[in-house]
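From the two separate chains plus the hints, produce the assembled complex.
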Amino acid sequence: MSETAKVIELDQVVVRFSGDSGDGMQLTGTLFSNLSAILGNEISTFPDYPAEIRAPQGTLGGVSGFQVHLGAQKINTPGDQADVLVAMNPAALKVNVEAIKPGGVILYDENTFDDSGLKKAGFVTDNPFEELGLKNVQLLGAPLTDLTKLSLESSGFDNKTIVRSKNMFALGLACWLFNRPIEQAQHFLETKFSKKPDILRANIKVLIDGFHYGSNTHASISTYHVAKSDIDKGRYTSISGNKAAAFGLIAAAEKAGLQLFLGSYPITPATDIMHELAARKDLGVRVIQSEDEIAGICTAIGASFAGNLAATNTSGPGLALKSEAIGLAVMAELPLVIIDVQRGGPSTGLPTKTEQADLLQALYGRNGESPLVVIAAGTPDDCFDFAYMAAKIAVEHITPVILLTDGFIANGTSLWKLPKLKDYPSITPPRPKEGEPWKAYMRDPVKLNRYWVAPGTKGYMHRLGGLEKDFDSGAISTDGHNHQRMVNIRKAKIDKIADYIPELEVYGDSSADTLIVGWGGTCGHLRSAVDKLNEIGSKAALAHFNYIMPLPRNTREVLSRYKKIVVCELNNGQFVSYLRSQMSEFTYLQFNKVQGQPFEVHEIVDYITSL
Amino acid sequence: MSSQTYTAQDFKSDQYVRWCPGCGDFAILNSIYKAMAELGVDPSQTAVISGIGCSSRLTYYMNTYGFHTIHGRAAAVATGVKAANPALTVWQFTGDGDCLAIGGNHFIHAVRRNIDINIVLHNNEIYGLTKGQYSPTSQKGLVTKSSPFGTIERPFRPAELAFGARGTFFARTIDVDTKTSADVMLLAAKHKGTSVVEVLQNCVIFNDGVHKELSSKEFRAERTILLKHGEPMLFGKENEKGLMLDGFNLKVVTLGENGITEKDILVHDATTEDSTMHLKLAIMTGPDFPVAMGVIRDFTTATYNDELVEQIEQVQAKSKIKNFADLLNSLDSWEI
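The listed protein sequences correspond, in order, to chains V and P. If you're matching positions, the first sequence starts at 33 in our numbering and goes up one per residue. If you're matching positions, the second sequence starts at 27 in our numbering and goes up one per residue.
Extracted from the complex, chain P is given alone in its bound form (with noise of 0.2 Å):
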């Protein structure tokens, strides 16, 4: 990493940023430029690289090399693009139509090779860019113009399926929660391996409001539980409430009531390679759940750039082929 300190500002490209007034892309923008502020890696040093739809306009807007390209293969792009040149920081901002409809493949595979890029995934649950269908994570029953009766489809929950697919890193934030964003996509971009975070965002043209049960600052506090590994976990105005085990499954208790007291709370442990708490964590829903936030999990091993580099180190170290002229010289080969 680099010595030098860097701003936001260093961050921003000279496009005039073009999406509609009150779009949470706006807020997520600003936490990204902060994250890579506090990072600290030059732009030049930077890839963004970003699919198709309202939220991957976002690479015109930073100065960094980027690439913006076609719909859903924007993390088939970046995994070249960090194989290719592994000391490159590599960004891919999604949304989830892009990520999990039509580049659910590549998505999954990214994750299951655990290369190292960095997975901002805007969840709005709905296309915005092409006015308003319902997205893979539209909740049921939400009317759209594709589903004027109600979309009949069950939808993804993100973190399941980075989980199903072996994921290492998963982190969820809002976006008007500018501070947890900045500081999750910080500890993702920290992260060795793919790191998927789910940024909450409002569409306010086609899907205002819907994560508002959670975004208001009135019951954030209530409604989300802010996941900090090493730290019990407490929530609520006074951080009066938190989570305990009950069997199997994740239960909300009182401080106090019951002589339950803050040792009684669970511990988040964000990087145990068994995910099924993780698992619990990330699919909590209110009314009877506060919503996870945070990183959930953050396990280590190898990834896939690094096995890359070490195992053409290691064949390298051992081959007597250095160059064309050796390949040619170890065929069967005979003068005529």
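With the rest of the complex left out, here is chain V (with noise of 0.2 Å):
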């Protein structure tokens, strides 16, 4: 550490805070994120949680972070490994002992580096740092917790509110380390807390009393500056993955002039999409909080065949549980969407990890032949765009949709430069020509869909279900050969619209002989990692899939560019799989990993490097 004050100048940097899941880390880290942005940074976040709301405190299980990436360049991940950790605990300490960059900073609250502290984090010896070998790493302790208590000592709070607030005092330490001025901390705890004026108080003294500290208490140690992003003017938010998937469905709803239903049921790490649509009552939304996760597909189901732009959000268990009713609504060709969360699985698995191993279940799993739509966002803020396009496909082709996204990009969150509703396409149903003929299994000849009335309108009285039904007339039938065609109509539907989305996209050095092929949530991870690999002279190219069934039209020609091609994604090889039965003419390589966390950007960089 330097001897004089001085500012430390970065282009990037990777904060992580880290300690009990009662310590207000998820608030700290959220809070500092939006300071940062304001200032003009570039962030993106990723929380990290245990599934227990409260596990035993001070132990290892009940560890909760929440790590950001901020900086001037594009920022694509919330980062391998952190620069500074802060640690409120042992066990905290513990558990990120691999993610702390060597020569980073680690602040701690010396108060809980006691005997106490330290056993219940299973460390054996007194000095916790020498025992999990971290030697290059710059240590800053402190006593958190009697220095909080110290700042609320007059408060007249009992003890366990006061302890409660030394995550503000932590932040305050973090605002001097990093340049942050409190005073917009203030503003967003001011409405957070608007209506615990007491506790308000309480935490906007800690947090200012903890800037102070460091300010005066720790005057020889350098501090950060971040510089600014240079990305595109405009006004800006934060904004997850969850949140985003709602506001795609809403914006396409007032787009298309739909009313949004969402039929849902709570699941890890979905539910946040419900309780965003579920507070939009203003917007007209109807959610129903459903008795199980059947009922939340079966009623969306209902409000799509009444007319609404009907929607249900699941993770992996609960898209299982959709199946039949998935089906049911391929069969009746109703548009539906359907937003899967993806945790790490099977069965419970690991509700609050990430991974990417739905897809064969949303491509494949239900019975007969059942094709619809599957695409996948690509980071949190993208998830409104995808989620915009899940409506607008579903709403236009007659179709289900499944958006797949995951715990990672739905709970991390990333800089959002507010949309503009005219900026998006129209969403246009379609419906059957005023007095023309009409058949409920009528298609337009071109896309091939059917059309859409609902009840109430007088005229079109038909009837719809999960029978095979006659090709002409619309009525049940069991003829094979019609049953022949009907299979192939409905996967036709579904081919054509390759011919409504996006050519696929290469990024990185399009002349490189090595392609890099990933899908959904893994794009930050696999941009950056593209980025490194050219950097260091190492060409490659990155293709990355949001469309996956149907496949972009340009797919076959982009892979067959170049000689190598390496599948990476956070599971055992299902898109890789995918690809070899729908391009079987290629080679592909796979990168693979399933560790309920994301990629980290070397471990693709050292994987490509390696070949």
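Misleading hints may appear alongside valid ones.
[Stated by the list, open to error] Distance ranges between label pairs, derived from CB positions:
#, chain 1, residue 1, chain 2, residue 2, range
1, V, A310, P, N275, 42 to 52 Å
2, P, T156, V, D324, 51 to 61 Å
3, P, K348, V, E537, 32 to 42 Å
4, P, T156, V, A310, 34 to 44 Å
5, V, A310, P, D290, 49 to 59 Å
6, V, S355, P, S242, 42 to 52 Å
7, V, S355, P, T31, 37 to 47 Å
8, V, K192, P, K348, 38 to 48 Å
9, P, E257, V, D324, 39 to 49 Å
10, V, S616, P, Q340, 53 to 63 Å
11, P, T156, V, S616, 39 to 49 Å
12, V, P477, P, C46, 40 to 50 Å
13, P, R180, V, K151, 51 to 61 Å
14, P, S242, V, H307, 54 to 64 Å
[Claimed, not checked] Below, a list of computed lysine-lysine pairs in the DSSO-like style, where the Cα atoms sit at most 27 Å apart:
#, chain 1, residue 1, chain 2, residue 2
15, P, K346, V, K454
16, V, K126, V, K192
17, V, K224, P, K238
18, V, K227, P, K348
19, P, K166, V, K454
20, V, K313, P, K344
Everything labelled a hint here was simulated from the structure, so no lab data went into it. Please read all numbers here as calculations on a predicted model, not as lab measurements. From the three backbone atoms N, C-alpha and C, an ideal C-beta is built for every residue, glycine too.
See the structure below:
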């Protein structure tokens, strides 16, 4: 550490806040990220929390983390390792030992690093840093608990409430360390605790004291300044993938002139979509918290039949429960958006951790020949765009659409430039032409969709159902040839959608021999990996897929341009097996990870350079 | 309601009705046509939702909007239809397997929410379409293909399930009595909230005569009692018998015996919130008691769909967010 105070200029930095699940680390991290975004940094965040709401205090199982990557350049990921770790207790240190960059700073609460704290975290010596083999790190210890108590000694609060405010002391220290003005943090707190003036006052006092403690006591330590981003000028917010997806549906409903309906059952990590939409009664959004996952989708199918833009949201186990009903929507040919926020599986699996292992379930997890559209969002903010597109495709092509996101992009946040609805494509439900003869399964001659007529419309009474229907009359049919014809046209309808989606674009050095292929929520990590590879002279390009069923029209052409194709995904090879089945002429290498965590950029870089 | 008048014909689709000859569903279908015509709601404003089973095929025979969905899920689909467009009149046709086995969860929750749909439960106490297995309402001991030595399962009594889920409307009828069936279906449709109409139905192939004690005209007056709100609970060929309270229990009495006159007989009140008496009436069985027919419970309280619309209106009246652009403006955002 330097002797004189100085400000170090950084292009980017990764900060990880870590503590007990009751320590308020998610709030602290969110406030710090938003502060940074306001100062003009790009941000990418990643909350990493346990499935237990409150595991025993001080234990490894209860550690909750929030990582933020901020900087000037395009910040694609929350970062592999942290430059600064804020550890509220020894367990947080132990859990994150691999998450600290060599030379990084560990800011920790000395009060919790006592005998009892060390024991709870399973340390056997009184020097946890040495015990963990942490040598090349800078330690910045402060008695956060005592200082918080001191800060609030005349507040009249009980001890428990006082101790709970120590996350604000840590935030104050972090603000000092990174030269973030605390006035803006106060503004955020005022919004958050507007209904609890006492708590607000206490939090602000501790925050300010934390900041001052840093500037007074640690005057000799260097602080950091992170350069501003040079992204497009405009109005920004930070948004999580779940919130963005909910907003995408709201925007699509408004654009289409349809009422929005969500049938939903709570499931981690997808529930925030329901929370966002349930709060939007002002926009007429109808949300039913149904009795189970099946009812979630079945109420949505009913609402779609009744003419609403209908959606259901879930995670892997819920998608499994919805399978039969998805088949009904395929057969009845009704528009429906199904958002699957993937988590670690199978079964209950790793509910709060991320994975991409529902792809084959989304593509094929139904009885019978049951084609539908599968698309995947890539980043927290583009969950908005892909939820919008999911709704557009569902409504215009009269089909269920599965939108895959994952725990990482659903709970992580990124900077989002506020969109203008007029910049988004129109959404026009196909209706039968007035006065012309009509049958329920009559089709658009080009797009092959049936037309959508809701009950309440005079003259168009019809019966839909899960039984096979006659191609012409729409009545029940068990005729074998008719069935073949219907199976074929349902598939052709989905294939046709390739004409209405964007072509695949290649990122990075398109003259490279190596093409990295990815899909969905790994977008940021793969982009950063490609940037890094090109930076170190190992030429690489990236084809990142958002449209999976159907594939973009130019997929074959893109794949044919590269000597080496490496499919990277957070599963044991689901997309690669899909590509092998669709385009078997290519040789695919694969890089897979199933640890409940996103890729780390260096893992990709190391793998590609080892080839 | 429309001022136009309708006939049963207006609700008949062009599809050939394909149930087994002699099936109770034919009579039920005719009662439905009759009730819908009397109700006077235009076929285009009517949505008929069904699940899977013999009775669920009924959707295809209705010239209304219809959706023949998947096994057990009709109540959930119907809930979505009604919540999406409360102006529609929504009917659900279902059987004892569809409604009470695979669909039991959706059934109780629809009833609990009191969403304004009309559930007609065709109860033939057997699985017909899968060729004869015992159902959740099959009487203990029934020999079927899946219970060759007699079922050892205790059956549901649909009324108890409906009341347990805080149901607001429950009626019972029998397939062959098309007059009562049409009458109670009409009252079910007029009831605001979830209405459950249990129709005792014969399965001529797999459970023939299951309700014969009640269906034959000869005995019907003796073995059933047709309950009407506000009227004394009398039954018998000459209305010579009635129901009275004996402590906490019901008892059957004969007018003129032991000085009992009509004014001693209980008067049916279907509208009370307390369902204790309704339950007592609904679970009466022979040979000691008549089986209750007609509207047993018709209690009015707020419906899910009305409250949903009201809540939206209240929030909209107060909120500054009128469209998507307003929503974006409400976010914490900053210029870069």
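Hints, one by one, checked against the model:
1. A310/V to N275/P: 42 to 52 Å: holds (47 Å)
2. T156/P to D324/V: 51 to 61 Å: violated (23 Å)
3. K348/P to E537/V: 32 to 42 Å: holds (37 Å)
4. T156/P to A310/V: 34 to 44 Å: For T156/P and A310/V the Cβ distance comes to about 39 Å; the hint holds.
5. A310/V to D290/P: 49 to 59 Å: holds (54 Å)
6. S355/V to S242/P: 42 to 52 Å: At 46 Å between Cβs, range holds.
7. S355/V to T31/P: 37 to 47 Å: holds (45 Å)
8. K192/V to K348/P: 38 to 48 Å: Because 43 Å falls inside the window, the suggested range holds.
9. E257/P to D324/V: 39 to 49 Å: Given a distance of about 41 Å, which is inside 39 to 49 Å, the answer is holds.
10. S616/V to Q340/P: 53 to 63 Å: holds (59 Å)
11. T156/P to S616/V: 39 to 49 Å: Since T156/P and S616/V have Cβ atoms about 42 Å apart, the given range 39 to 49 Å holds.
12. P477/V to C46/P: 40 to 50 Å: Cβ of P477/V to Cβ of C46/P: about 41 Å, so the range 40 to 50 Å holds.
13. R180/P to K151/V: 51 to 61 Å: holds (55 Å)
14. S242/P to H307/V: 54 to 64 Å: holds (58 Å)
15. K346/P to K454/V: holds (21 Å)
16. K126/V to K192/V: Holds. K126/V to K192/V sits at ~25 Å (cutoff 27 Å).
17. K224/V to K238/P: violated (68 Å)
18. K227/V to K348/P: holds (24 Å)
19. K166/P to K454/V: Answer violated: K166/P to K454/V is near 65 Å, above 27 Å.
20. K313/V to K344/P: Cα-Cα ~11 Å, so holds.
Comparing the model with each numbered hint stated earlier shows that hints 2, 17, 19 do not hold.
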